[in-house]
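Residue numbers (our numbering), protein chains in the order written: chain D, 1 to 115; chain F, 116 to 229.
Just so you know, not all the hints are guaranteed correct.
Unchecked claim - Not everything, but these chain F residues come out facing chain D in the computed CB check (under 7 Å): (1) P154; (2) L158; (3) A214; (4) N215; (5) P217; (6) F220; (7) N222.
It is worth saying that the hints were derived from the structure and are not from the lab.
Note that beta-carbon positions come from the ideal geometry of N, C-alpha and C, so glycine has one too.
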Amino acid sequence: AQSVAQPEDQVNVAEGNPLTVKCTYSVSGNPYLFWYVQYPNRGLQFLLKYITGDNLVKGSYGFEAEFNKSQTSFHLKKPSALVSDSALYFCAVRDGGTGGFKTIFGAGTRLFVKA
Amino acid sequence: NAGVTQTPKFRILKIGQSMTLQCTQDMNHNYMYWYRQDPGMGLKLIYYSVGAGITDKGEVPNGYNVSRSTTEDFPLRLELAAPSQTSVYFCASSESTGANSPLHFGNGTRLTVT
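Could you build the full structure based on these sequences and the hints that come with them?
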């Protein structure tokens, strides 16, 4: 069965500092991994995805994520945080090996960037 | 460029009442989904549809029903509202059957059952 874990309920970082939001996953086949961001009173917005290829993927708003197969992780990163990055971030996984389209979400991590 | 549109934005129901949450998309996506979001729990899949006339249960389908008569519309029906259905409901769509297609979300419906 697919599962996603986001071990931190909240991440606090100062503006201008690098940020990392952690995610680990479990799937039986090949993982298709996604990050989404949710701003207050809005739906989730797609940030980036890993399907295959380079382990470092780049996405919207300067975010990137690093896929690590041995550690089954897909951590979200940004070199320099902005106050406007404060939001709720969700990691998600699909089992590409089964051709599945069901997306399983983590519980979410709230990012707070302090000016 | 509407994307996925959900109505209403907010609703308060009494126990036992029924209602339909509306969802429509203008991207000609075959796949559509209903999720509920509860604090600290992430999103749970209620129902999904792979095309007009085809629907299937997700992780938490009890107490809900769906229909898909057109590609654009995917309404979610609550027949006998219960306090446990207090949640934020999101409709989403995706472009194809490929597992690499991201989801496009509406802005949600906040439902309170009292």
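_Hint numbers not upheld by this structure, sorted from lowest to highest_ = The structure breaks only hint 1.
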